[in-house]
Amino acid sequence: MRIFKRILVPVIFIAVLFAVNTYLNYLLVPYTFTRYKVHKIETETFDDLILGSSHAGTCLSPSSISSVTGRSAFNAAQGEEYPVDSYFFLKDATGKHKPDRLIYEFDPNYWITAQDVSANYAGTYTEMQPGKAKVQYFFAKMWKADFRTSIAPWYFYRAQLSDIERNLFVKRSDDYKNFGTGTFDSATQTVESDGFIAVKPGKWDDEIIPRDWSDDMIQEKARDYFIRIAEFCRREGIELVVVTTPVPAETLAANETSYASAGAEMEALSKTYDFTYMNYTGGDLLEARREFTDSELFADWDGHMYADAARRFSVAFAEDLEKV
Amino acid sequence: MSFVSIEFMVFTAVCVAGCYMIPKKYQWVWLLVFSYIYYLAAGPSYLFFILFATTATYLGGLWAEAGARWAVPAVLLADFGMLAFIKYTNFILGNINGLFGTNIRELKLLLPLGISFYTFQATGYLLDVHWKRCKAERNPFRFALFLAFFPQIMQGPIGRYSRLAESLYAEREFDMARIERGLYRIVWGFFKKIVIADNAVLYVDAIFDNYNTMPGYGIMGILLYGAQLYADFSGGIDIVIGIAEMLGVTLDENFTQPFFATSITDFWHRWHITLGTWMKDYLFYPVSLSRWMGKFGKWCRTKFGKNIGRALPICLANIIVFLVVGIWHGPAWHNIFYGLYNGVIIGVSGLLAKNYRDWKKKFGIEKDSRLFYCFQVIRTFILVNISWYLDRAGSTHQALIMMRDSITKFRIGVDIIDASSTWAGSAYAPLIAALFGCLVVLIHSILRERKIDTRSLLMKKPVVIRCLVLFLLLMSLVVIGNKPLSQGGFIYANF
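Top line first, the protein sequences correspond to chains C and X.
For the first sequence, the positions run 1 to 324 when the numbering used here is used.
For the second sequence, the positions run 1 to 495 when the numbering used here is used.
Keep in mind the hints are simulated off the structure, nothing from the lab.
Ideal Cβ positions, reconstructed from N, Cα and C, are used throughout, including at glycine.
Each hint can be trusted.
Keeping only pairs whose Cα atoms sit at most 16 Å apart, straight-line, the calculated EDC-like set for lysine to aspartate or glutamate is:
1) C:Lys323 x C:Asp284
2) C:Lys5 x X:Asp175
3) C:Lys144 x X:Glu7
4) X:Lys461 x X:Glu180
5) C:Lys5 x X:Glu180
One-sided and incomplete, this derived list gives chain C residues near chain X with beta-carbon spacing under 10 Å:
6) Phe138
7) Met142
8) Trp154
9) Arg158
Chain C extracted, bound-state conformation (with noise of 0.2 Å):
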């Protein structure tokens, strides 16, 4: 019975540990597209997948791509999704589904940069179900972590006790229940069904954001994942074209350099892979396109494109794709 009683008590204590953690989770944490991307990797087969960053998000609409190539498409794409993200969001899909094509936005700042511990560092993962991919994502990224980060993601939001009453009110919805994508609407941007998030009109205020890409910065983490996403893809006969989304002249012209080098390094890199690499901030497919870099059709100096304006270039870009 002493023994009993001994054990019975940290087991109740980590009980109850548990159930106000995941009842803080439920109130705090909102949903995110992140949860929509999730589940329709899981549950549906696409010909193209975008892997990417916000820039991949907001650029390629996978429904003009289609309109060209005839395959289906989906935008799995992200803010703050880094290499490692990516791969290991890759390895989910195929898991389930396996796309023939990935499509995979390269941004030079996601290589230069340590993530962020911030809201997004353990989204993904969260919202993974359970299965090898997600043991192994929690190996590569969780386990060295902040045990907050996943284990209490509720703390990123922890001041937004206001958000509790409509957090509660989606989260009961049938948008929620069903996935739907009804909840994203919002003034600046929506999310469609294909994933591509549609960045509504309006100038936002952004300064240039300074480019300082140089070899000797490049995180040893991301370049190691990237190229495991390239022996992933010939592993797994997935064609694998990387792409660099057009910026506006002024971003491309303040940072010349380091679009020039970070170009450069995927170039060799798309070499010794054997993949595709179209770059839209240099070389030829630059001058092809440069009516892609008029500052009017970007929301931001970073290169979130306007929807009407990446529709039209995501026509552009499958109609390169099928000429490579």
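We have chain C already, so just place chain X on it with the hints.
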């Protein structure tokens, strides 16, 4: 392996659980294996340094015990030589370049995890064997565990063989009460680190990084730096001692309410105690009892009379000790001045001790009066805070400018940080959280100062109360703790 990572928590849990599941005679082997896994996880390239220190000191101990006179200086030279080469080569090269206008390129040197701590622990052991305070350890693997015991390797406390060996190699029984006590200590350490240190650092870094563009915040910066440093270092030590306690190993305490110190000497008896006692036993006494110091004392007595003649050698020994403490704190002039500042105050206080007694008598100050005690505590607090300008600033020049601006351009406020970048979206929230944490630690310190063992007190309470305290401490880490910082880690882990 970061203390706040899931990796470390699982590692520790497996180590603790396994330790009580295996045959008792292999428990120390288990700890050795885990200690080396921990060290390897930090980087395989670090392994050479700890193996070198272990081998050299182990053999040195045996040779010293056998009477080889050359062994102790040779091994001390090897251990300290390695530490000095890694930590101070670039500092020396930089000074040579600055002085002579040369352009000698700095070396790319690794700073192995915990090298300062295990070097001091190793050399302390060697001198103890040499002075016959303890017997040399015959088993090289047991000795390896003494140097590499994983909880303490990163930031101490600097252990003494005579005390640590007994509990490190002992056969231990599982004791739930000890596990629970260790757990409280660990969570308390996390509370200090995450709630106080990680919140305070936001303002400290902003103030010290922008001292030129936003001058005048020095006093606020230094007060918060004091809170950050204490919470960071003592919090880390709490975690270390808590883990060791769970493993049945008793480590030396490193802090005893330093902010209640009544003098700088008293402060160093309460702050980083194991470094202070190491310095006292292995540097202060050998220096003050050395032949040349004896001659110097004799000369002083004939020149300045009995009183000053007796105090001056002690004053000089203190200055030498704190010069070394300053150098130990890092290869930079501001650290050396930080050490000297403390050394000079302690040294001069010793010289003026008789005058102080006379003044107290003259002004009718009672030694044990509460008012005088408060005066001493506040005076020491101010002196310590002044020293921290030198400790925290990037250079002596910066420290001096900030000291000046603290008075001439005094400012206070939270506009120094970007509100949108904080966890609450408010520039006040991290400050309030840090101050709340400080208040809790202050109450705890007052109880400790009154010799109340808070953990024993808690252990006597009903299980519901104990669980509630643990629950509240854990929740505070998530509710008011700062988000993980990109720089992360503990300050003293960089030594």
